[in-house]
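Below are the chains, spelled out letter by letter.
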Amino acid sequence: MNAMTKTEEAKLDAASPMNMIQAINSALDIMLGRDPNVLTFGEDVGYFGGVFRATEGLQKKYGLNRCFDTPITEGGIIGTAIGMATYGLRPVVEIQFADYIYPGYDQIVSEAARIRYRSAGDFTAPMTIRTPYGGGIFGGQTHSQSPEALFTHVAGVVTVIPSNPYDAKGLLISAIESDDPVVIFEPKRLYNGPFEGYPDKPVTPWQKVEGNLVPEGYYTVPLGKARTVREGQDVTVLAYGTMVHVAVAAATEAGVDAEVIDLRTLAPVDLEAIVASVRKTGRCVIVHEATRTSGFGAELSALVQEHCFYALEAPILRVTGWDTPYPHAFEWEYFPGPTRVARALKQVMVG
Amino acid sequence: MNAMTKTEEAKLDAASPMNMIQAINSALDIMLGRDPNVLTFGEDVGYFGGVFRATEGLQKKYGLNRCFDTPITEGGIIGTAIGMATYGLRPVVEIQFADYIYPGYDQIVSEAARIRYRSAGDFTAPMTIRTPYGGGIFGGQTHSQSPEALFTHVAGVVTVIPSNPYDAKGLLISAIESDDPVVIFEPKRLYNGPFEGYPDKPVTPWQKVEGNLVPEGYYTVPLGKARTVREGQDVTVLAYGTMVHVAVAAATEAGVDAEVIDLRTLAPVDLEAIVASVRKTGRCVIVHEATRTSGFGAELSALVQEHCFYALEAPILRVTGWDTPYPHAFEWEYFPGPTRVARALKQVMVG
Amino acid sequence: MASTRTAPPAKGLKNSRALSLRIPEPRFRPGEKADFSSLVIPEAGATPRPEVDTAPKDMRELAYGMIRVLDRDGQPVGPWNPKLDPATLKRGLKTMMLTRAYDDRMYRAQRQGKTSFYMKCTGEEAVAAAAAMVLTREDMCFPTYRQQGLLIARDYPLVDMMNQVYSNAKDPMKGRQLPVMYSSKKDGFFTISGNLGTQVPQAVGWAMASAYKGDDKIAATWIGDGSTAEGDFHEAMIFASVYRAPVILNIVNNQWAISSFHGIAGGEDATFASRAIGYNLPALRVDGNDFLAVYAATEWAAERARSNLGATLIEHYTYRAEGHSTSDDPSRYRPTDEGKIWPLGDPIERLKQHLIALGEWSDDKQQALYEELVELVRAAGRESETHGTLHAGERPSIKTMFEDVYKEMDWRLVEQRQELGI
Amino acid sequence: MASTRTAPPAKGLKNSRALSLRIPEPRFRPGEKADFSSLVIPEAGATPRPEVDTAPKDMRELAYGMIRVLDRDGQPVGPWNPKLDPATLKRGLKTMMLTRAYDDRMYRAQRQGKTSFYMKCTGEEAVAAAAAMVLTREDMCFPTYRQQGLLIARDYPLVDMMNQVYSNAKDPMKGRQLPVMYSSKKDGFFTISGNLGTQVPQAVGWAMASAYKGDDKIAATWIGDGSTAEGDFHEAMIFASVYRAPVILNIVNNQWAISSFHGIAGGEDATFASRAIGYNLPALRVDGNDFLAVYAATEWAAERARSNLGATLIEHYTYRAEGHSTSDDPSRYRPTDEGKIWPLGDPIERLKQHLIALGEWSDDKQQALYEELVELVRAAGRESETHGTLHAGERPSIKTMFEDVYKEMDWRLVEQRQELGI
Ligand SMILES: Cc1ncc(C[n+]2csc(CCOP(=O)(O)OP(=O)(O)O)c2C)c(N)n1
Ligand SMILES: Cc1ncc(C[n+]2csc(CCOP(=O)(O)OP(=O)(O)O)c2C)c(N)n1
Ligand SMILES: [Mg+2]
Ligand SMILES: [Mg+2]
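These protein sequence lines map, in sequence, to chains A, B, C and D.
Residues 30 to 380, numbered by this note's numbering, are exactly what the first sequence covers, in order.
Residues 30 to 380, numbered by this note's numbering, are exactly what the second sequence covers, in order.
Residues 52 to 473, numbered by this note's numbering, are exactly what the third sequence covers, in order.
Residues 52 to 473, numbered by this note's numbering, are exactly what the fourth sequence covers, in order.
It should be emphasised that the hints constitute simulated quantities derived from the structure, not laboratory data.
Being a predicted model, the structure only gives us computed values, none of them experimental.
Careful: at least some of the hints might be erroneous.
The list that follows gives simulated cross-link-like pairs (lysine-lysine, DSS-like), each with its CA atoms no further than 25 Å apart [said to hold, decoys possible]:
(1) A/K90 <-> C/K264
(2) A/K89 <-> D/K84
(3) C/K236 <-> C/K458
(4) D/K391 <-> D/K84
(5) C/K145 <-> C/K416
(6) C/K264 <-> A/K89
(7) D/K264 <-> B/K89
(8) D/K450 <-> D/K221
(9) B/K90 <-> D/K458
(10) D/K236 <-> D/K221
(11) A/K254 <-> C/K264
(12) D/K108 <-> C/K108
(13) B/K254 <-> D/K458
(14) B/K90 <-> C/K264
(15) C/K134 <-> C/K416
(16) A/K90 <-> D/K84
(17) B/K89 <-> C/K108
Construct the entire structure; sequences and hints are all you get.
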């Protein structure tokens with residue numbers, strides 16, 4: 030783990046080794062405390078504290094009005110949140126699983142993303158949609174999806190995916206403060222601890238991960254900025270969410286001096302960081318859990334070849350989920366684990 | 030126009046110079062006539078014959094039950110069509126504009142696309158969704174969108190875009206006969222005549238386009254097969270829908286010997302045709318109207334560089350709509366017209 | 052146990068009658084003679100007016116009645132008479148007439164190629180005009196494309212409306228929106244969406260925000276009869292009911308959704324107002340062509356919302372007297388005289404008649420006002436056209452095309468703007 | 052004109068009372084004593100039984116009543132008594148008991164790590180058991196994850212159900228689905244979706260297809276109280292109403308949606324059955340723990356559908372006696388004894404009591420049947436486990452992972468399968 034840069038470390042006076050749920054909870058707690066316009070709601074979010082417990086204790090602390098349960102209608106949740114945001118509030122809504130965001134898709138694509146533009150800034154919809162995504166938990170087809178590419182294609186929406194508690198908290202605070210609508214996909218497989226993609230290896234809880242210290246107070250991680258997780262000379266690996274940890278493990282497994290970049294924000298992506306790294310290494314492997322065709326890896330691949338064509342020494346490779354739904358029994362055959370990523374790393378080295 | 034191959038020409042005994050609406054209407058007419066399980070419905074589709082008149086006369090000819098109006102609910106239209114398809118019917122539904130498909134998105138992504146897989150073939154949803162898409166008609170934000178990439182990412186759905194009346198009819202018949210759910214985006218700017226992207230040039234109606242002959246009877250154009258519209262040696266242009274005509278015009282404008290490929294089916298795309306052409310030309314320009322980031326051009330770019338890396342002599346370029354909503358007054362600044370495509374063709378030639 | 056029965060075997064033994072589908076059809080098609088004599092329309096004054104704090108379950112019948120104030124002779128009758136003074140009535144009349152004059156001019160402008168598209172609200176002017184007078188500018192209206200009357204009632208400059216329709220250099224929407232898709236926050240007018248139904252949950256959310264803040268603003272939203280079929284409508288009703296949002300949910304039942312009659316939206320067997328019943332929300336059904344009735348119903352619903360009693364659904368029973376839009380030709384799907392014999396008449400005529408019956412107005416005054424308003428619109432039109440029309444004259448600056456996608460332009464938009472060479 | 056009024060100015064002059072939000076809360080939380088004595092539950096036999104061809108508007112009150120047949124002593128009373136013979140009653144009892152025994156075993160299997168997830172329907176067994184006996188295999192059921200009883204009633208092999216739960220080598224779904232997401236077309240059981248609400252418009256479409264074909268099959272679908280908030284539910288009601296689809300729309304109101312009580316879905320102020328009123332559909336509200344009542348209501352709705360009179364909504368009033376799923380812990384959000392004091396009792400107990408009252412059954416027979424069924428389940432479990440469990444033993448062939456995405460595998464899947472090395 031190399032989760033923090035030097036300047037960030039300065040703020041760690043009062044910090045604790047939170048897991049990702051605690052970090053998210055802390056971000057919400059802080060923002061509910063700082064800004065009376067912040068409120069949070071969603072299915073089972075209130076008294077129960079959310080099925081993943083991200084809002085635990087918040088209703089008790091801030092009252093029924095600030096953190097509450099909603100009817101089971103993702104369209105209604107997002108539609109009303111848009112109305113609130115145009116009033117001047119900063120709603121943070123939870124969609125219980127990213128697989129269930131589609132009934133609210135029209136409100137995101139046609140409304141939240143467009144309101145500023147179509148009204149020439151007369152109205153804006155500063156709101157945050159949090160939703161757990163990704164596989165690795167035997168969730169089957171509808172508790173494992175990675176639909177991020179369906180959002181990166183939508184102009185007007187910011188798409189964010191953290192890979193560790195520090196970023197999850199800092200990015201969530203940035204999202205809530207952002208004047209644009211932000212969708213944060215939370216890698217649910219990482220809630221309790223980093224996961225390198227070895228299903229049989231026991232998981233280390235975040236609390237025991239070296240260097241995992243999350244400040245108790247307010248701080249932000251900027252939107253639109255990637256982070257280099259592992260420096261390397263030979264190949265650039267572009268990853269986000271759970272795949273960041275898989276990529277680091279794969280570099281070790283392959284014995285390749287890979288530079289692993291955690292994108293953190295997918296749209297707008299940190300092109301500068303990507304280009305600088307690929308120009309240095311001359312090689313690139315892209316990793317994501319989502320279905321390959323038209324996944325966000327396609328955009329990354331296109332960007333890299335557009336901006337680094339003359340630096341590339343081998344084809345850019347994509348290691349991704351297959352073009353199938355996520356099959357319950359084949360979790361580890363579907364999940365792009367370190368062995369598949371390592372193979373790509375070796376392959377890209379021979380060109 | 031080079032719309033047909035030799036074998037296809039054989040069928041032109043009874044053919045007429047239909048426009049694209051007539052061709053689509055003819056496909057529906059033929060399939061309603063051949064198969065009692067085919068029926069068609071959607072908003073204003075019945076008595077009125079559809080706002081673009083694609084279903085004109087069909088209610089009169091086949092009766093209320095075979096062609097009817099629906100409530101304004103894209104989710105309901107697609108959801109009930111899925112139910113019908115699982116019964117054994119072959120519903121063909123119209124979504125009035127592709128911009129309005131999002132309320133039905135969950136039913137497409139989570140249901141139509143998944144039913145075969147999740148039931149291990151016990152149930153299937155053979156159905157066709159037709160919807161006019163694309164710009165060039167001063168339709169503003171919500172009558173101009175090109176959301177195809179939001180479907181190419183969905184495993185289980187076939188995505189089709191015709192560029193001329195012959196293909197529109199033949200692909201629609203193939204779609205109706207397909208046992209998989211198919212979404213056909215119809216380039217509404219091409220309904221009446223081909224459009225090269227010069228807004229000031231008068232449009233030639235399809236009826237007057239040389240070689241535009243559509244068989245009156247039954248025929249199919251296979252799904253998954255591209256078509257070379259213009260042969261060339263210097264650069265491959267990958268396009269679909271309206272952009273096919275723009276690309277051909279741009280080749281002339283640029284004076285570049287471009288090979289223009291009309292993809293026709295986007296998912297599964299005809300990789301073989303693409304690779305063969307790019308390996309020959311060594312250069313590639315991709316054109317689409319949709320927003321650039323995570324558009325289908327990204328997938329094409331990724332595929333090309335994965336499969337033709339060592340053949341590429343210059344970076345693959347994307348000419349696309351901007352990462353903004355489609356702005357009413359700036360139709361021609363947004364629309365990727367022949368001038369922009371020609372510039373890319375020249376640029377890719379210098380590398 | 053002779054009187055007992057066995058469950059049928061899992062296979063067979065069913066009633067073997069062949070099922071069939073029912074596809075609703077309007078009673079009259081082009082070429083046929085429309086005839087509304089069988090339409091059941093309650094008499095003016097007949098529908099009771101409960102107190103606003105009545106429990107919804109005790110006033111369900113309102114969803115099947117019809118609030119009407121003006122009788123055949125233009126006299127106000129019954130408990131819903133809002134008892135407005137002549138000055139207020141004249142303001143209402145003027146708003147409706149100005150709306151119609153504005154519509155007429157912009158419709159012609161589209162026909163002249165000055166813009167791409169236009170939508171009139173002819174015959175439905177009372178719906179927006181009366182509501183705008185009940186609500187304040189601090190309240191927020193979430194309209195469809197057919198409530199331009201809200202802006203006109205609030206004296207929003209006609210020139211600015213036209214600038215939007217023309218997408219010209221002074222278009223407040225910077226050329227980005229289809230014509231008629233206005234937005235004016237300061238006038239309590241929400242940015243109109245091209246996607247039907249989406250504004251309804253947004254209005255509920257906005258109203259919830261006001262309540263959340265302990266403010267006193269309420270929201271109102273309008274949706275067409277056809278569009279109530281969208282899931283958004285239902286989702287909005289649930290939120291409105293569960294959180295008791297201070298919002299007025301208006302359904303404008305103008306009988307048609309482009310070419311589909313109200314029966315295709317489920318409006319033949321049940322009233323649209325009755326949709327509220329399953330959510331324990333009160334529903335009013337109103338003669339939408341009776342300015343006084345719309346006024347009174349809106350006032351009742353607003354009072355209920357402001358008293359923290361929650362949402363009300365209002366169905367405005369009216370008729371879309373003209374085509375859906377400039378892209379439509381209604382003679383292809385309904386008798387051309389249907390609108391003329393529509394039994395609830397024309398809202399402008401009816402309010403005029405009422406003012407005349409009060410001794411406050413005359414045909415001459417009506418004619419004079421009409422000419423004055425036409426001239427007002429003409430002058431505004433001339434001014435607006437100096438700033439350009441869609442295909443001629445000035446446009447907004449092209450570089451604004453890349454602005455307002457996000458608060459700040461990111462590298463993608465900067466790069467793309469450069470690519471366009473501006 | 053002293054009695055007339057002026058419209059308020061556009062700004063100000065409002066009622067200045069601060070608004071507030073209402074967030075519904077259940078009456079009892081953990082640590083509190085649940086008390087249902089104030090719950091209004093109609094007496095058995097009290098709700099009338101209209102003819103199936105009665106106009107929906109003439110039977111709206113059914114949406115607020117409750118069809119109940121078994122009285123406190125287990126005697127059948129009133130017009131809804133389906134008068135079933137003892138053999139049929141015993142079949143119903145056995146189905147419910149087998150469902151419960153199956154649930155218990157699979158729940159334990161999950162706890163033992165043999166699969167990832169499980170969901171019980173404890174306390175709600177009557178809902179599926181009775182419906183399955185009324186409907187035939189040619190009809191199609193569109194269930195949620197809580198109607199496993201439908202399959203059990205149709206003698207679908209327990210072993211196959213278990214194979215699905217274990218995603219083992221013999222799993223009919225080839226390891227692709229989350230446990231409990233069964234599918235069996237030949238038994239009229241539609242593939243269960245993980246996405247709530249989507250099956251409702253599908254059921255309507257399937258029913259429309261039967262009517263379109265002139266067939267005599269009907270559809271039935273189930274949705275939870277919480278899930279009725281999804282737009283799909285409303286969209287399905289519109290289609291069902293407009294095209295008069297032969298479908299039964301069941302709402303299983305088990306009072307909870309994971310941790311949210313029914314009030315969050317709008318079920319506190321209005322009944323879920325009353326949602327049908329706005330669509331002119333008849334609605335029955337049924338004691339969901341009374342096997343005879345569920346049977347009778349389903350029979351009535353099925354007869355209506357088969358007579359081409361269209362759809363019926365049925366609200367089954369019941370109680371989710373256990374946690375939402377193996378991932379849930381209800382003691383965190385409701386009193387642990389709530390289920391025990393739930394006034395409508397347990398459906399198995401009540402049918403048993405009825406059979407005893409009829410002189411057809413005894414506690415001993417009940418115990419013997421229970422033991423027999425537990426043994427049946429145990430044997431099936433043992434057999435299923437020989438084909439593997441989620442993390443041990445055989446699985447379906449990995450290459451099937453790439454099949455059935457499309458009818459034919461395209462080059463992408465072929466290439467990807469090769470990439471995986473199989
Ligand atoms: C989601 C969506 N679907 C379809 C359309 C196309 N459309 C525009 S207006 C219209 C008819 C609306 O009818 P109604 O709701 O009755 O309103 P009215 O036009 O009568 O005022 C349709 C189908 C749309 N704009 N948005
Ligand atoms: C579209 C969608 N949103 C959310 C979920 C997550 N979820 C699964 S079950 C459930 C509760 C459903 O409650 P209810 O409809 O009352 O059915 P019950 O579980 O009580 O039978 C939720 C929120 C989902 N599966 N699909
Ligand atoms: Mg209408
Ligand atoms: Mg429930």
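Going down the list of hints, with the structure as the test:
This hinted pair checks out: A/K90 and C/K264 have alpha carbons roughly 18 Å apart, not beyond 25 Å. For the suggested pair A/K89 and D/K84, the alpha carbons sit about 20 Å apart, so the restraint of at most 25 Å is met. For the suggested pair C/K236 and C/K458, the alpha carbons sit about 18 Å apart, so the restraint of at most 25 Å is met. Of the supplied pair hints, the one linking D/K391 and D/K84 holds, its CA atoms being roughly 12 Å apart against a limit of 25 Å.
For the given pair, C/K145 sits about 11 Å from C/K416 by alpha-carbon distance, which is consistent with the 25 Å threshold. Restraint check for C/K264 and A/K89: the C-alpha separation of about 19 Å stays at or below 25 Å, so the hint holds. Between D/K264 and B/K89, the direct Cα distance comes to roughly 19 Å. Compliance with the 25 Å bound is thereby established for this hinted pair. A distance of roughly 15 Å separates the Cα atoms of D/K450 and D/K221; the hinted pair therefore holds under the 25 Å criterion.
For the given pair, B/K90 sits about 33 Å from D/K458 by alpha-carbon distance, which is inconsistent with the 25 Å threshold. A distance of roughly 17 Å separates the Cα atoms of D/K236 and D/K221; the hinted pair therefore holds under the 25 Å criterion. For the given pair, A/K254 sits about 34 Å from C/K264 by alpha-carbon distance, which is inconsistent with the 25 Å threshold. Annotation: proposed proximity of D/K108 to C/K108 holds, straight-line Cα distance about 16 Å (limit 25 Å).
For the hint linking B/K254 to D/K458, the alpha-carbon distance of about 17 Å falls within 25 Å, and the restraint holds. For the given pair, B/K90 sits about 59 Å from C/K264 by alpha-carbon distance, which is inconsistent with the 25 Å threshold. Our distance criterion of 25 Å between C-alpha atoms is met by C/K134 and C/K416, whose separation comes to about 22 Å. Between A/K90 and D/K84 the alpha-carbon distance is near 24 Å, which keeps this suggested pair within the 25 Å criterion.
Between B/K89 and C/K108 the CA atoms are separated by roughly 45 Å; this puts the pair beyond 25 Å, and the hint is violated.
Violated hints, in rising order: 9, 11, 14, 17; the structure is consistent with all others.
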